[in-house]
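Peer 1: Protein chains in written order, with the working numbering: chain A, 1 to 376; chain B, 1 to 347; chain C, 1 to 141; chain D, 1 to 131.
Heads up, a few of these hints could be off.
[What the hints assert, rightly or not] Below 30 Å or equal to it, Euclidean Cα-Cα: the simulated BS3-like pairs (lysine-lysine) are:
| hint | chain 1 | residue 1 | chain 2 | residue 2 |
| --- | --- | --- | --- | --- |
| 1 | D | LYS116 | A | LYS60 |
| 2 | A | LYS95 | A | LYS356 |
| 3 | A | LYS300 | D | LYS8 |
| 4 | D | LYS62 | A | LYS297 |
| 5 | A | LYS331 | D | LYS8 |
| 6 | A | LYS300 | D | LYS70 |
| 7 | A | LYS303 | C | LYS68 |
| 8 | B | LYS90 | B | LYS201 |
| 9 | D | LYS76 | A | LYS331 |
| 10 | D | LYS62 | A | LYS303 |
| 11 | B | LYS201 | B | LYS16 |
| 12 | C | LYS124 | A | LYS303 |
| 13 | A | LYS95 | C | LYS124 |
| 14 | D | LYS62 | A | LYS95 |
| 15 | A | LYS356 | B | LYS323 |
| 16 | C | LYS124 | A | LYS300 |
| 17 | D | LYS8 | A | LYS280 |
| 18 | A | LYS60 | A | LYS331 |
Bear in mind the hints are in silico, worked out from the structure with no lab data behind them.
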Amino acid sequence: MTVKLTHEGVTASGSELYCLNMGPQHPSTHGVLRVVLELDGETVVRAIPVLGYLHRGIEKLAESRTYPQFIPFTDRLDYVSSMCNNLAYCQTVEKLMTVEVPERAEYIRVIMAELNRIASHMLFIGATALDLGGMTGMMYTFRDRERILDLFNLASGSRLTYSYVRIGGVMNDISPEFVNLLRAFLADLPGMLQEYDDLINGNEIFQARLRDVSIVPASRLVSLGVTGPVLRAAGIAYDLRRKKPYGIYDRFQFDIPAGTVGDNWERYLMRVLEISESAKIIAQALEGLPEGPVMAKIPKVIKPPVGEVYHANESPRGELGFHIVSDGSTKPYRLHIRRPTFYNLGSIDALCRGVKIADVAAVLAVLDPCMGEADA
Amino acid sequence: MQESASFWLGLGRSLKKIAQDATGSVWMAEMIHTLAAVVAILSIILLSALVLVYLERKVCAWMQMRLGPNRLGPFGIFQTIADILKLMTKEDIQPTLVSPIMWALAPILLFMAAMTTYAVIPFDAGVIFADLNIGIFFFLAVGSQASLPLLMAGWSSNNKYAMIGGMRTVAQMISYEIPLVFSILGVVMITGSMKMSDIVKAQEGLWFIVTQPVAFVIYIIAATAETNRIPFDLVEAESELVAGPFTEYSGMRWAYFFLAEYAFMVGASCVAATLFLGGWNGPWLPGWIWFFLKVSAMIFLFMWFRWTFPRIRVDQLMSFGWKVLLPLSIANVVLTGIGLWLFFPLN
Amino acid sequence: MNLEMIAAGSLETKPEALLNEMRQLRDNPVFGFDRLIDLTAVDRGETFELVYRLNSLLHDRDLLVRAKVSLEQPTIASVSEIWESALFGEREVHDMFGIVFEGHPELEPLLAPEEGFGFFPLRKSYTLPGRSGQTDGGNGR
Amino acid sequence: MFGFGLIKGLSVTLRRCFSKPNTVEYPEERLPVGPMFRGGTIDLNLEKCIACGLCALACPNKAIDLATEKSESGKKVLTRYIHNIPVCLYCNYCIEACPTQAIHWTQNYEMSCLRKQDLMIDCMAGKGGDR
């Protein structure tokens with residue numbers, strides 16, 4: 001897009017504004033996001049997000065793929081939480097077709113989605129530490145995230161683009177080895193979190209960098225369509241797992257962490273707290289994991305009835321919704337994806353105004369954008 | 001330890017003698033002696049940079065549960081040589097709209113400033129290039145020149161990231177120079193001299209880290225800021241400013257900045273060892289080994305900081321420097337004065 | 001406005017009345033739809049159907065608002081002054097369908113390059129070209 | 001107390017300094033790829049293949065280019081089977097679609113090469129799969 005700047009303007013203090021181009025090639029923009037900053041010295045006056053560098057037209061591609069064939073493309077939306085994307089898409093199609101998913105598959109789906117949430121949040125913690133200059137923190141979280149990826153590899157054969165959740169169930173059953181490794185991981189998780197706490201969260205410099213920075217009133221965030229941990233940090237405990245329990249989420253006991261101030265520190269903290277909550281859910285799901293098939297009896301050729309459906313999941317970044325218009329054929333007539341990152345990035349200007357350049361990196365970090373998703 | 005000190009001194013003396021015999025002129029011998037010292041210091045800087053780049057990577061890797069360089073040579077010790085070869089063979093790219101003279105001059109000036117500070121560092125008893133009677137003052141004065149080349153680099157690069165980095169340099173260096181000076185002042189007050197050898201000799205009994213612990217902490221913090229290392233590496237803050245003033249430099253020009261940075265770090269560690277850790281003083285081992293060990297410990301401390309802490313923000317940096325460090329260092333000076341007055345009235 | 005339809009969660013409105021109704025939906029505490037969750041369009045062949053997905057945090061209720069605009073003159077009022085999330089959503093729909101949102105402060109390409117794609121990808125009139133080097137072009141695969 | 005967290009952080013990194021590195025020295029040391037591993041190229045068993053073309057149909061991205069012809073005995077036989085790796089999504093759909101389990105992954109994940117054409121793998125050449 002053409003960025004129109006008002007940098008002829010001067011501030012009240014009489015200083016001249018200038019514009020700084022952050023990205024698309026920049027160490028802290030998490031991919032190919034570009035933010036044009038209008039600056040007064042080191043203070044941001046305006047921030048304009050420029051998207052689209054990773055636009056692949058996934059929504060159009062969907063129109064030429066059959067329903068199951070689109071699952072691998074959802075992997076490539078938000079590539080750090082592919083399981084959640086698979087799940088959201090498959091549940092949407094199932095809702096359209098009114099398929100009953102076997103119990104075991106439901107439990108496995110919950111385990112996978114929550115594991116992926118932990119993996120995504122671990123990446124977030126590491127990336128935030130890195131964006132604030134603490135490189136070592138990133139290494140530790142990536143080391144631990146690796147264990148989750150290994151688990152996924154064991155279950156699905158892939159470490160990043162799982163395509164594990166399928167319409168009507170999951171790709172294949174989990175092995176006892178997987179369950180054992182998962183239990184071992186859950187047992188080690190508090191130790192990992194303690195280490196992050198010691199190295200990253202507990203560090204006074206880290207806290208000072210995030211506390212009281214970019215406080216935006218909750219009403220503004222609501223209007224901006226922000227969802228997920230960023231909204232919850234502002235004090236609105238809106239989590240689709242609780243508000244509109246999809247799948248079998250109504251069977252689990254877990255808390256929705258919510259903030260009070262809504263600064264960067266709480267946005268960060270939401271993710272840390274959510275890791276433990278996800279671990280709780282996984283433990284309960286493992287406890288209740290029934291025996292049985294993992295795939296429903298679904299026709300070989302999936303032909304949903306004519307209709308329209310919207311279904312949203314709570315992905316690690318917010319409300320991930322699929323809107324499918326079916327014309328009764330094997331391919332969706334129109335498939336729209338409500339990408340949480342896309343709308344969250346719309347709030348960059350609101351979040352960045354008045355902060356320092358260094359905090360733009362912090363704001364981008366706590367928004368946790370995944371450009372594959374934002375640009376679709 | 002006198003024997004070891006005489007080893008380096010003897011080396012110097014015999015060199016002078018050989019030169020005098022060969023040329024037959026005292027003046028020429030003095031020149032050659034001085035030149036040898038310059039070469040020695042230069043090689044110390046280059047060698048230490050060579051080793052430190054490797055060490056920094058290794059330390060970083062160990063702290064991050066990695067292996068670090070391990071491909072070239074045993075344990076990867078020749079990695080830095082490969083790096084230097086890469087840097088030297090790189091194309092010298094000069095961006096179109098830079099201000100060429102300033103741009104080219106900046107890395108050289110910075111390296112010169114870094115090198116000059118070594119003139120007053122006492123590596124061992126008597127082993128000092130110039131034992132000026134204002135030694136520590138000279139170190140501070142030359143060291144603070146570093147802000148100028150960085151600003152030059154930032155301004156002449158015609159890059160906004162570089163410019164912001166350059167401006168930050170000046171602000172940061174000026175803010176942290178003052179607590180740095182005040183922290184050193186306590187030591188100077190006790191010694192009653194700014195001569196480096198006097199300061200070290202004054203620590204023969206008790207290191208100043210014991211009598212001046214607050215000053216030591218302030219010195220460490222301010223020196224970290226002065227050498228632009230995490231948590232105060234705002235000048236080249238990677239996640240904000242890409243590389244700050246160095247953004248537009250590549251190849252050997254960039255290597256000069258890198259060298260200077262390490263030279264400053266070693267210099268700051270040397271001064272810390274001299275001022276607070278007793279310099280070459282120590283039992284059993286030769287003085288220069290003691291000095292080397294102390295400097296190594298200081299360097300490890302700097303590296304340890306770098307791979308543990310996140311970066312501070314620019315306004316926090318400023319307020320910390322002016323509102324915390326400066327009053328603290330002044331209080332330290334006042335307390336030192338009172339202590340001196342109480343225990344050694346007017347000697 | 002049709003209250004039963006709102007209670008049922010789906011509302012169809014005329015493009016002319018859109019802005020007014022949307023404002024009521026947000027400001028009237030009976031409705032209290034304070035969030036525009038999503039905004040998209042569907043190419044229905046003869047018309048573009050705009051889909052607004054509203055959510056009320058207050059009443060924990062969803063509403064789907066549809067408005068149809070013609071293919072020839074796809075123009076509709078922008079709701080970006082009511083919900084800020086429409087700023088991004090409308091720009092995306094503008095890129096993909098060429099629908100013009102009147103009153104949008106900067107209807108610049110968002111996902112498209114600066115000069116736009118040159119076509120509107122999500123319109124049904126646009127078919128994906130086949131992959132280069134492949135002979136089965138046409139169906140976009 | 002201010003500074004306590006800093007010291008804690010320093011202790012963590014110092015402790016880690018002496019713990020075992022997590023690195024795998026890749027070319028010398030390889031991690032197992034896992035039982036379900038999806039990667040590499042398609043390993044085609046020509047004896048099992050009935051040339052039904054279900055794998056190509058299942059592929060979301062048309063990464064399998066397959067051609068058949070009728071043999072003298074009236075049986076369908078493969079004439080071309082090309083795995084187009086640059087567009088392959090590694091979704092496993094082809095493997096799952098195969099009614100006779102004639103295709104598998106080679107599990108060879110080292111596929112870097114200099115030309116794109118080198119990644120258009122003819123699975124019928126030789127003992128399909130290896131470059």
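Peer 1: Please flag the earlier hints that this structure goes against, numbers listed from lowest up.
Peer 2: 2, 3, 5, 8
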